[in-house]
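Chemist: For the record, the sequence lines run as chains A and B. Take the first sequence: its position 362, counting from 1, is numbered 361 in numbering that gives the first Met the number 0, and each next residue is one higher. Take the second sequence: its position 188, counting from 1, is numbered 187 in numbering that gives the first Met the number 0, and each next residue is one higher.
Just so you know, these hints were derived from the structure itself, not from any lab. Please note that the accuracy of each hint is not assured.
[Said to hold, decoys possible] List of simulated lysine-lysine pairs, DSSO-like, C-alpha gap at most 27 Å:
| hint | chain 1 | residue 1 | chain 2 | residue 2 |
| --- | --- | --- | --- | --- |
| 1 | A | Lys554 | A | Lys507 |
| 2 | A | Lys283 | A | Lys554 |
| 3 | A | Lys283 | A | Lys507 |
| 4 | B | Lys52 | A | Lys507 |
| 5 | B | Lys52 | A | Lys283 |
| 6 | A | Lys554 | B | Lys52 |
| 7 | A | Lys423 | A | Lys496 |
| 8 | B | Lys186 | A | Lys554 |
| 9 | A | Lys283 | B | Lys54 |
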Amino acid sequence: MAHHEMTFSQKYLFPVDHKYIGLQYMWTGLFMAAVGGFMAYVFRMQLAFPGTNVPLWGLVTPANYNALITNHGTIMIFWVGMPVLIAAFGNILIPLMIGCDDMVFPRLNRLSYQLFLLSTIVLFLSYIVPGGGFGGSWTSYPPLSARAEYNLTPFGSSLWLLAVALEIIAFLVGGINFLTTTMNSRAPGMRMLDIPIAVWMINIGVLLFMFSVGPLVAGAIMLLLDQQLGTSFYVPSGGGDPVLFQHLFWFFGHPEVYVLLLPEMGLLAEVLTTFSRKKLFGYKTIVYTTFMTGVLSMIVWAHHQFIAGIDPRMATIFSVTTIMISLPIAVIYFCYCATLYGGSIELTTPMLWALGFIIEFLVGGLTGLFLGSSGMDIYFHDNTFVVAHFHYTMMPIVWFGAMAGVYYWYPKIFGRMYSETLGKIHFWGTVIPFNGIFIPLFALGIGGQHRKIYDYNHFPELMQPGMQDLRIFATYSLIVMLLFQIPFIINFVGSIKSGEPAEANPWKANSLEWVASSPAPHGNFETLPTVYRGPYEYSRPDMEEDYLPQNVPSKA
Amino acid sequence: MWLDALPPVGGTFAGSIDDLFHTITYLMGFCFVVSLLIILYLIVVGLRKPGVKAKYVTGESKAELGFVYTVLGIFVLCDLIIDVQTHAVWASVKETLPAAQIKARAIGQQWAWTFVHPGKDGEVGTEDDISTVNELHLPAGLVTHVELESSDVLHSFSIPMFRLKQDVIPGRIITSWFKSLSFAEMKAIKDAMNARANDGGALLGADTPGTASFDIQCTEMCGVGHGIMASKIILHTQEDYDNWVAQNSPVTDTAAPAEAVAADAAPAEAGAAEAAPAEAAAP
Numbered sequence: 000m001a002h003h004e005m006t007f008s009q010k011y012l013f014p015v016d017h018k019y020i021g022l023q024y025m026w027t028g029l030f031m032a033a034v035g036g037f038m039a040y041v042f043r044m045q046l047a048f049p050g051t052n053v054p055l056w057g058l059v060t061p062a063n064y065n066a067l068i069t070n071h072g073t074i075m076i077f078w079v080g081m082p083v084l085i086a087a088f089g090n091i092l093i094p095l096m097i098g099c100d101d102m103v104f105p106r107l108n109r110l111s112y113q114l115f116l117l118s119t120i121v122l123f124l125s126y127i128v129p130g131g132g133f134g135g136s137w138t139s140y141p142p143l144s145a146r147a148e149y150n151l152t153p154f155g156s157s158l159w160l161l162a163v164a165l166e167i168i169a170f171l172v173g174g175i176n177f178l179t180t181t182m183n184s185r186a187p188g189m190r191m192l193d194i195p196i197a198v199w200m201i202n203i204g205v206l207l208f209m210f211s212v213g214p215l216v217a218g219a220i221m222l223l224l225d226q227q228l229g230t231s232f233y234v235p236s237g238g239g240d241p242v243l244f245q246h247l248f249w250f251f252g253h254p255e256v257y258v259l260l261l262p263e264m265g266l267l268a269e270v271l272t273t274f275s276r277k278k279l280f281g282y283k284t285i286v287y288t289t290f291m292t293g294v295l296s297m298i299v300w301a302h303h304q305f306i307a308g309i310d311p312r313m314a315t316i317f318s319v320t321t322i323m324i325s326l327p328i329a330v331i332y333f334c335y336c337a338t339l340y341g342g343s344i345e346l347t348t349p350m351l352w353a354l355g356f357i358i359e360f361l362v363g364g365l366t367g368l369f370l371g372s373s374g375m376d377i378y379f380h381d382n383t384f385v386v387a388h389f390h391y392t393m394m395p396i397v398w399f400g401a402m403a404g405v406y407y408w409y410p411k412i413f414g415r416m417y418s419e420t421l422g423k424i425h426f427w428g429t430v431i432p433f434n435g436i437f438i439p440l441f442a443l444g445i446g447g448q449h450r451k452i453y454d455y456n457h458f459p460e461l462m463q464p465g466m467q468d469l470r471i472f473a474t475y476s477l478i479v480m481l482l483f484q485i486p487f488i489i490n491f492v493g494s495i496k497s498g499e500p501a502e503a504n505p506w507k508a509n510s511l512e513w514v515a516s517s518p519a520p521h522g523n524f525e526t527l528p529t530v531y532r533g534p535y536e537y538s539r540p541d542m543e544e545d546y547l548p549q550n551v552p553s554k555a
Numbered sequence: 000m001w002l003d004a005l006p007p008v009g010g011t012f013a014g015s016i017d018d019l020f021h022t023i024t025y026l027m028g029f030c031f032v033v034s035l036l037i038i039l040y041l042i043v044v045g046l047r048k049p050g051v052k053a054k055y056v057t058g059e060s061k062a063e064l065g066f067v068y069t070v071l072g073i074f075v076l077c078d079l080i081i082d083v084q085t086h087a088v089w090a091s092v093k094e095t096l097p098a099a100q101i102k103a104r105a106i107g108q109q110w111a112w113t114f115v116h117p118g119k120d121g122e123v124g125t126e127d128d129i130s131t132v133n134e135l136h137l138p139a140g141l142v143t144h145v146e147l148e149s150s151d152v153l154h155s156f157s158i159p160m161f162r163l164k165q166d167v168i169p170g171r172i173i174t175s176w177f178k179s180l181s182f183a184e185m186k187a188i189k190d191a192m193n194a195r196a197n198d199g200g201a202l203l204g205a206d207t208p209g210t211a212s213f214d215i216q217c218t219e220m221c222g223v224g225h226g227i228m229a230s231k232i233i234l235h236t237q238e239d240y241d242n243w244v245a246q247n248s249p250v251t252d253t254a255a256p257a258e259a260v261a262a263d264a265a266p267a268e269a270g271a272a273e274a275a276p277a278e279a280a281a282p
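Could you put together the complete structure from these sequences and hints?
Modeler: Spelled out as structure tokens, the structure:
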């Protein structure tokens, strides 16, 4: 296949090449991760040392605090998790892994990123308008979010909502592209069950996103009308119902967790099999169970609303479905664990992140059982136990998962090797303080500490001996964790220029992206590959070599 | 450490929620430890040794998937146990309300609670109601129904000591209930907390001899002042409560001049109590 050199503008400003669009998403996502991390630093400083000047910020007012926690949540989900895990890896990996030259709709792909960039700009605008940024929490429950007289951010709340809506449109546009490309552009010979799990998972995640996002968009438009035109879809004084929004929001909001989890599990499958030289355990079981998880994830949403005024009899049904979803997740999870069995495991940086995910996510998954139980949720609802639980899921998913992927595909993306030493410092410097942040939050939550409070001094029962020490410990842990991201930045940026040049297949992996040279040129492959088998044929007993790429014809 | 971290049990259903917590903690703790050991074992045993090739296991055969189904079976069992106990707790707390021995009303507004007490006639919504801001006065040991209302946004009425939590929704009246332990027991809990606090940290507030007070939280984001929306439930001995009612009842007989009512800030007539939150909500 002929490829030509692209101009600067074709590469970086208005690319249609899937790899450069993926990189745009990745750079933006990582930048937003830094913004979200800084916000966490500011509000955790306020919690540890209420009312003091926070270095690099100043005094944290209650309005500041609320806007910071709101936007920290929004950014980490919508502007870090979605762009890095789905958009960046989806864009970079799907065409490479299914062996085609680009997405089927390259210009639509470009539009997707441009909308995403616009949404980012709108989000930043929402802080600097009069009244400041929206502080009604990322769930934006009305009537608080619906009326400026309640939230005191007449412009911030609408711009925030607009930014989220734009971001969703960007991912819808991108998602159409992912599905169409996967269905139509696979290399000759690649049957449905030869598709790498990473591509499967990203596509199932996108499907789930598309099925669930409609009600949220409708809900967001009604909320925008409530804010700007004074309608009363959610305002009781005008005949509306605030709980309606909660249903629309969580009908999307819960599947959204799986929209992020599934792509992460996909990246994980590639990393785990490559560095343990093992065939993936139960490929078919994983694919089918993932579909089941997706379906089940759409009928659990009201577990966010057990005590929100829904009919109490309904809670039992949703409690049972919620607890039931532990079953398919357990199947997938233990298939991954079983993949390690009898492996030849090499603890490279991406493998460390993958194993880190497996262990930390275990905590997140198992603590979910407390919250899925409606009876227990009476106590834990809006408690920092919830905060600790979902950070034990989202942090491994979004950050550990993204890092496993970033390090693993770094040679393919940039054509250079990263520094293993810095990578390992980054891993251990993240995983240890991460536990230092959130284990205290479990303890404080069990002790009755509720969420979204900017100063616990107003609650004497939450200022009992030792409790403030736990908050300070969590804050210091966070600062340490943030500082240990510096080696990552040095590694990530520095290795682009000064890393060792990477060969086409440095990990001796099987899937098609390693057939292309590193970095993959415009058009990806010299000749489009043909596929003869699934992507996980490692350590076959009938071969000397311990890997057999998908595109190599069988000798027999 | 984890099991001790729960606050003391202050109400009747708090114990059943704590039992549920213990059940889930033991089950999930077991799953956690076993899973962690399996994973660590697989990693350590599987570390790369020169010249040793990895096993070729597809995980497609029934025998191989047996491992996964075993794990699934354990989880089904855990889930069922949790489901059954969850339903029992949930039904007893949220689905069936025992008959009220005393009623009160709590009205959430940005950013305070107005509490309406029944007064001498024992009924809320009559002329002798006593309204207070951020202080809920009740005799200890009675089944109490609290009618929850909001005059603006969502709030949530939470008393950690009772493990009670219920969101408050404008436009609806949701009845929540609790029954505290006896006054002597509640007083002992408060004294123990204060004694611990004396060793370091702030006192939890001194109570008058006939009272014991505990935190009420607003646990739903309700705007800028969400973090300061703190109130107290003040539990009295029956005798002390009767005194409190007598002292704070609004003067309603015809002889009393109108100024006397206006001068006393806390008590208000029933009608005024309805209107008060709306006024307080105005910035």
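Chemist: Evaluate each hint against the coordinates.
Modeler: A quick look at each hint next to the structure:
{"no.": "1", "hint": "Lys554(A) x Lys507(A)", "verdict": "holds, 19 Å"}
{"no.": "2", "hint": "Lys283(A) x Lys554(A)", "verdict": "holds, 26 Å"}
{"no.": "3", "hint": "Lys283(A) x Lys507(A)", "verdict": "holds, 24 Å"}
{"no.": "4", "hint": "Lys52(B) x Lys507(A)", "verdict": "holds, 14 Å"}
{"no.": "5", "hint": "Lys52(B) x Lys283(A)", "verdict": "holds, 24 Å"}
{"no.": "6", "hint": "Lys554(A) x Lys52(B)", "verdict": "holds, 21 Å"}
{"no.": "7", "hint": "Lys423(A) x Lys496(A)", "verdict": "holds, 20 Å"}
{"no.": "8", "hint": "Lys186(B) x Lys554(A)", "verdict": "violated, 83 Å"}
{"no.": "9", "hint": "Lys283(A) x Lys54(B)", "verdict": "holds, 19 Å"}
Checked against the numbered hints listed earlier, the structure breaks hint 8 alone; every other hint is satisfied.
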